Amino acid sequence: MPAPAAAGVRLLDVRDLAVSFRTPDGIVEAVRGLSFGLDPGRTLGLVGESGSGKSVATAALVGLAPGAQVTGLALYLGRDLLTLPAEELRAVRGRGVAMIFQSPMTSLHPLYPVGWQIVEMIRAHEPVPTRQARARAIELLGHVGIPRAERRVDDYPHQYSGGMLQRAMIAMAIALRPRILVADEPTTALDVSVQAQILRLLAGLQRELGMAMILITHDLGVAAETADEMLVMYAGRALEQATTPDLFARPSHPYTRALLRSRPRLDAAVARLTPVPGQPPSLIALPAGCPFRPRCAEAVERCAKTPPLVAIGGDEGHDAACWLVGEGTA
Amino acid sequence: MIGLVLRRAGGGALVVWLVASAVFVCYFAVPHDVARLIAGKQASERTVAAVRARLELDRPVAVQYLHFMGRLARGDLGVSFVTQDSVRAVIVRDLPVTASLALGAAALWLSAGLLAGVVAATRPRSRLDRAITTVALFFYSMPPFLLGQLLLFFCFYRLYLAGVELFPPGSYVPLTESPLQWARFLALPWLTIALANGATYARLTRSAMLDAFGEDYIRTARSKGISERRVVLRHALRSSLAPIVTQFGIDLGTLLGGAIVTEVVFGLPGLGREVVQAITRQDLPVIIGVTIFGSALVVTANVAVDLCYALLDPRLRRR
Ligand SMILES: Nc1ncnc2c1ncn2[C@@H]1O[C@H](COP(=O)(O)OP(=O)(O)O)[C@@H](O)[C@H]1O
Ligand SMILES: [Mg+2]
Numbered sequence: 001m002p003a004p005a006a007a008g009v010r011l012l013d014v015r016d017l018a019v020s021f022r023t024p025d026g027i028v029e030a031v032r033g034l035s036f037g038l039d040p041g042r043t044l045g046l047v048g049e050s051g052s053g054k055s056v057a058t059a060a061l062v063g064l065a066p067g068a069q070v071t072g073l074a075l076y077l078g079r080d081l082l083t084l085p086a087e088e089l090r091a092v093r094g095r096g097v098a099m100i101f102q103s104p105m106t107s108l109h110p111l112y113p114v115g116w117q118i119v120e121m122i123r124a125h126e127p128v129p130t131r132q133a134r135a136r137a138i139e140l141l142g143h144v145g146i147p148r149a150e151r152r153v154d155d156y157p158h159q160y161s162g163g164m165l166q167r168a169m170i171a172m173a174i175a176l177r178p179r180i181l182v183a184d185e186p187t188t189a190l191d192v193s194v195q196a197q198i199l200r201l202l203a204g205l206q207r208e209l210g211m212a213m214i215l216i217t218h219d220l221g222v223a224a225e226t227a228d229e230m231l232v233m234y235a236g237r238a239l240e241q242a243t244t245p246d247l248f249a250r251p252s253h254p255y256t257r258a259l260l261r262s263r264p265r266l267d268a269a270v271a272r273l274t275p276v277p278g279q280p281p282s283l284i285a286l287p288a289g290c291p292f293r294p295r296c297a298e299a300v301e302r303c304a305k306t307p308p309l310v311a312i313g314g315d316e317g318h319d320a321a322c323w324l325v326g327e328g329t330a
Numbered sequence: 001m002i003g004l005v006l007r008r009a010g011g012g013a014l015v016v017w018l019v020a021s022a023v024f025v026c027y028f029a030v031p032h033d034v035a036r037l038i039a040g041k042q043a044s045e046r047t048v049a050a051v052r053a054r055l056e057l058d059r060p061v062a063v064q065y066l067h068f069m070g071r072l073a074r075g076d077l078g079v080s081f082v083t084q085d086s087v088r089a090v091i092v093r094d095l096p097v098t099a100s101l102a103l104g105a106a107a108l109w110l111s112a113g114l115l116a117g118v119v120a121a122t123r124p125r126s127r128l129d130r131a132i133t134t135v136a137l138f139f140y141s142m143p144p145f146l147l148g149q150l151l152l153f154f155c156f157y158r159l160y161l162a163g164v165e166l167f168p169p170g171s172y173v174p175l176t177e178s179p180l181q182w183a184r185f186l187a188l189p190w191l192t193i194a195l196a197n198g199a200t201y202a203r204l205t206r207s208a209m210l211d212a213f214g215e216d217y218i219r220t221a222r223s224k225g226i227s228e229r230r231v232v233l234r235h236a237l238r239s240s241l242a243p244i245v246t247q248f249g250i251d252l253g254t255l256l257g258g259a260i261v262t263e264v265v266f267g268l269p270g271l272g273r274e275v276v277q278a279i280t281r282q283d284l285p286v287i288i289g290v291t292i293f294g295s296a297l298v299v300t301a302n303v304a305v306d307l308c309y310a311l312l313d314p315r316l317r318r319r
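Protein chains in written order, with the working numbering: chain A, 1 to 330; chain B, 1 to 319.
Chain B on its own, in the form it takes in the complex (with noise of 0.2 Å):
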C-alpha cells in the first residue's frame, strides 16, 4: 500500500516536472523578445537590458533552466510582468474562488448525476429512464459557455427585469465574509457546471449499475432476502464506484486548476479568467504559474484515485 503510494507519487512528480519543462520552452518559443515585452515598447535598448539581465535572459539557457527548476521547487513561481505581484500570491489570491466554484459544483452534480443513474438503472427502459437518459444527453451534448448565457438570460436578467433579484449581478464575495451572497453569486455557475457534469455521472452511473445487476453476485444478494434497496445500495451501487471514483477525480482535478469558461461567463475572478486575462496581456509568469499549478493538481487528483481504488477495491489492496 505504501510502495503503491510512493510509486504513484513519484510519477505525478515525474509528470510535473515534464509540463514544467514543456512550459518553460514557451520562454523561447514566444515570438517576442520577453525583455522587451516587459520594458514596454518605448524603453530604451538600456533598459531592455537591464530587464534581459534581472531575468537572467542573458545566461545560457542551460543556466536559465536550472534556476527556473530551483525557484520551482521552492514554489516560488515568479512574479508578473504586468502587476508585479508573484505569481503565487496571484493564486492563492484566485484558488479560493475556484474552489468555491468547482467544490460546489462537484458536489451538486455528483449528487443529482448518482441519483439519476441508479434511478435509471433501476427501471431500464422505462418511461423515467428515457427521460432521465434524454436530459442527460441534452446537457452533455450543450457546450458549457451556451448552458452559462441561457441560465444568465433566463435565472438572471430576465428575472431581473421581473423585478426579482434572486441571483445577483455577476461578481463574487467570499465564503467568510457572507455564506448566503457567496452561494447566491455562485448558485448559477453551480448549475452551469454541475448540469453539464452531472449528466456525464448520471450515464455513467446508470451503465456501470446495468453491468452490476447483470452479476452473479447480485442474484446471490436477492436471493438471500435483504430488501432491493440494499440490493441497489450496498451491493450494486458499491461495484459501480470505481469508474465514478475515476472520472470525479480528474474532472475535479481539471476543475481546481480554472473553470476558463463559467468564470469568463459570470466574471468569477478565479484561476481560470485570470489565465485568459493573462494570455491577452501575455503576461508569461501567470500563464505559466498557473499552468503548473493546475498540472499539479490534476496530478494530484490522479494520485488520489489510485488510493482511491485500492481502498475501494481489496483485491488491489497488497499485504
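For reference, chain A alone in the conformation it holds in the complex (with noise of 0.2 Å):
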C-alpha cells in the first residue's frame, strides 16, 4: 500500500460539488451537494438509476465533464482538483485519477492497436522510451489476463472480444499505478459470466496496488460485493449513505428500500425484478423538496421540503435524506 498522506489529509475529499449543464431547454442540474471521501484501499460504490449524475459527478472532477459548470470542492491530497490549473489536472489523469468505462467496445480508439494506446498512457506521465513502454504494455496485458499478450499487443481493438477489451482497458488504467480508479460501470455492457471475472480481476488489482476505487452500478449486487461504502444517488443529489453493512441491514430511505426491492434475486425460482415504479425527474428546474418525492409511496406533506442529509440513529456515518428518518423517527 501507498504510504498514507499527511496526517489528516484524505486521499479525496469531495464537498458541496455541483455540476450544471447550460442547455437550450435551461440548466440540466445533474449534481447537487455531493460530499463524499476516499481513502487508500477502500472501495466507494456509487448507485442509483440511470440519469442520477454517477458518471457526471466522477467525470466531472477531473475535468472530464466538457461544457459543464462545476463548484465545490474536490481536495485530492489537499489539493482541489476543481481550480487546478490545466496542465497539473492532466498530470492527475491516469496517474493520480484513472478511469475505466462503461462500454469497452467503444472506449477504446477503433484505428489503433491496443498495445499502442496503453504505450501512449505510460509515456504521457513517464519518459521512457517507446520499447520500454511496450514491453511495459505486454506486461500489464497478460497481467490483467490477456492470453499470448506479447501477440495481442499489437492486435486492434475489433480483434479483441468485449471481456478481453475490459481487461486491456483495465490494464491501461493500471499502468501507472493510480491512486484511484474510477470504474464506471465496468460490468454492465458484459456478458454476465464476463461481468463476475472482472468484478475479481479489479478486486485483486486494488489488493495488490493498494488504490482507491470508486465503483459506480446502478445493481445493488455488485456494489454489495465490492464496496466498502455506498453512496445512494437520485436525481443528482445524495439520497443516502453508509457502510455497505450498514446500509444492507438497515436501508433508510425509501428509494433505497425501493431499490434493495428490485435487485433480481438469484434465490428465486425465476429472478424476477420489481423496478421502482415511475420515471426519475427533469433535471431541469427541478422543484423544491424530495426529489424522489413523486415516486414515493411514503411521502407526507413535509416532503414538499427539501430534507437534509443527516446521520440517522444508530449507525456512526450512515446519512440519509429524508424526513421519515431523522433523529428519533427510525
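One or more of the hints may lead you astray.
Said to hold, decoys possible - Only some residues are given here: those of chain B computed to face chain A with a beta carbon under 10 Å:
hint : residue
1    : ASP58
2    : ASP211
3    : ARG219
4    : ALA221
5    : SER223
6    : LYS224
7    : GLY225
8    : ARG230
9    : ARG234
10   : HIS235
11   : LEU312
12   : PRO314
13   : ARG317
Calculated from the structure, these hints are not laboratory results. This structure is a prediction, so every number in the text was calculated from the model and none was measured. Using N, Cα and C, we set each Cβ at its ideal position, and we do this for glycine too.
Put the complex together from the two separate chains, hints included.
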C-alpha cells in the first residue's frame, strides 16, 4: 500500500460538489451538494438509476465533463482538483485518478492497436523509451489475463472480445499505479459470465496496488460485493450514505429500499425484477423538496421541503436525506 | 488486401470501358457528317469519301467499335481533326499545366481547409467558429468563375494599374523553366480553386471532428492525461480522415482531368481549356480522348481512395 498522506489529509475529499449544464431547454442540474471521502485501499460504491448523475459527478472531478459548470471542492491529497491549472490536472488524470468505462467496445480508439494506446498512456506521464513502455504494456496485458499478450499487444480493438477489451482498459488504467481508480459501470455491457471475472480482477488489483476505487453501478448486488461504503444517488443528490453492511442492514431512505426490492434475486425460482415505479424527474428546474417524492409511496406533506442529509440514529456515518428517518423517527 | 486491389481495379476498368463506349456513340450521335466536317465545306465528294475511308467511317459499326477499342487499349486516342496532332501528344503537352494547377491548389485547400475545420471544431459555437463557418459558406456558394474574375480584377488589374506587378498577366511558364514564374502565374488560379474547395474541407473536417469528439474513446484519451493537442490531432483528427480522403480523391481526380472554368478564366493552356476549344471546333477526337482520359483519372482516384480506406482503417483490412 502507498504510504498514507500527511496526517489529516484524505486521499480524496469531495465537498458540496455541484455540476450543471447550460442547454437550450434550461440549466440541467446534474449533480447537487454531493460530498464524500475516499481513503487508500477502500472502495466507494456509487449507486443509483441511470441518469442520476454518477458518471457526471466523477468525470467532473478531473475536468472530464465538457461544457459543465462545476462548483464545490474536490480535494485530492489536499489540492483542489476543480481549481488546479490545466497542466497539473492533466498530470493527475491517468496517474492519480485513472478511469475505466461502461462500454469497452467503444472506449478504445478503433484505429490504433491496443498496445499502442497503453504505451501512449505510459509515455504521457513517464519519459521512457517506446520499447520499454511496450514491454510494460505486454506485461500489463498478461497481468490482467490476456493470453499470449506479446502477440495480442499489436492487435486492434476489433480483434478483442468485449471481456478482453475491458481487461485491456483495466491494464491501461493501472499502468501508472494510480491512487484512485474510477470504474464507471465496468461490467454493465458485458456477458453475465464475464462480469464476475472482471469484478474479481478489479478486486485483486486493488488489493495488490492498494488503490482506492470508486465503483459506479446501478446494480446494488455488484456494489454489495465490492464496496466498503455506499452512496445512493438520485436526481443528482445523495439520498443515503453508509457503510455497505449498514446500508443493507438498515436501508433507511424509501428510494434505497425500492432499489433493494428491484434487485434480481438469485434465490428466487425465476429472477424477477421489481422496478422502482415511475420515472426519474427532469433535472431542469427541479422543484424544491425531496426529488424522490413523486415516486415515493411514503411521501408526506413535509417532503415538499428539501430534507437535509443527516445522520440516522444508530449506525455511525449512516446518513439519509428523508424526513421520515430523522433522529428518533427511524 | 491484394484481392481488394484487384477487385477495385477491375471495377474501375469496367467503368472506363463503359465511358469509352458511350463516347464512341458520339461519333454516330453528332448531327454532322464527320467526314464532311473534317474535309471542309468546299471539299469535293471524292475528298470526303477518301476521308471517310481513312477514318473507316464506311465500315460496319461493330468493326469500327472493335478498332476503336483496340487502339484505345494500345493508348492510341486518335488524331485531332483540326491540327492533325495525336490526341495523346495533346494530353501529354497540356497535362503538366493542369497538374500544376490541381496539385498546387490541392496542397493549399487541404492545409487551409483542415486547419480551419480543426480550429472551428475545437471551439464549437465560438466567435471564431462562426467566422470560419460563415467565410466557408461564402466561398462554398460562390461560383468559381466569379471568384476567379474577382481575384483577377482586384489582385491583378487593380494592382497592375497601381503599378504593382505581383501576379503577371495570364500565361504559363513550366516549373522546370522557372519555379518562381511558375508559382506567380499560378498563384491566382490556385487561390480560386483552393478557396472554393477549401470551404468544403473546412466544413467536412469540422463536422467529422465534432462527431469524433462525442466518441467514448476521446473521453478515454482525455482520461489518460495526454495533452489536449494530442487528443485533437492524434485521436479526433485521425478518426476524421476517412471522409476527407474520400472527398479529396474525387476532387483531385476530377480536377486533373481539366479545371475548365479556372483554366479558361486565367487563360491557362491546360486540359480543360483544350476541351473547350475542341468543343467549339467540333474536334471530336480531342473531346473524346480527353473525356476518356479524365474518366480514367477519376476511376484511378476512386481506387486510390479505397486503398487509402483500407490503410486508414484496420477493420477493413483482411488478413
Ligand atoms: N453534456 C451534457 N449536457 C446536458 N446534460 C447532461 C450532459 N451530460 C450529462 N447530462 C445529464 O446529466 C444527468 C446525469 O447523467 P449521468 O451522470 O450520465 O448519469 P448516470 O451516470 O448516473 O447514468 C443526465 O440527466 C444527463 O442527461
Ligand atoms: Mg453513467
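Hints versus structure:
1. ASP58: violated, 60 Å
2. ASP211: violated, 13 Å
3. ARG219: Cβ of B:ARG219 sits 6 Å from chain A, so the hint holds.
4. ALA221: Holds, because the Cβ-Cβ distance from B:ALA221 to chain A comes to roughly 7 Å (cut-off 10 Å).
5. SER223: holds, 4 Å
6. LYS224: holds, 4 Å
7. GLY225: holds, 3 Å
8. ARG230: holds, 8 Å
9. ARG234: holds, 8 Å
10. HIS235: holds, 6 Å
11. LEU312: Hint holds; B:LEU312 Cβ to chain A Cβ min 7 Å, cut 10 Å.
12. PRO314: holds, 4 Å
13. ARG317: holds, 9 Å
Checked against the numbered hints given earlier, this structure breaks hints 1, 2; the rest are met.
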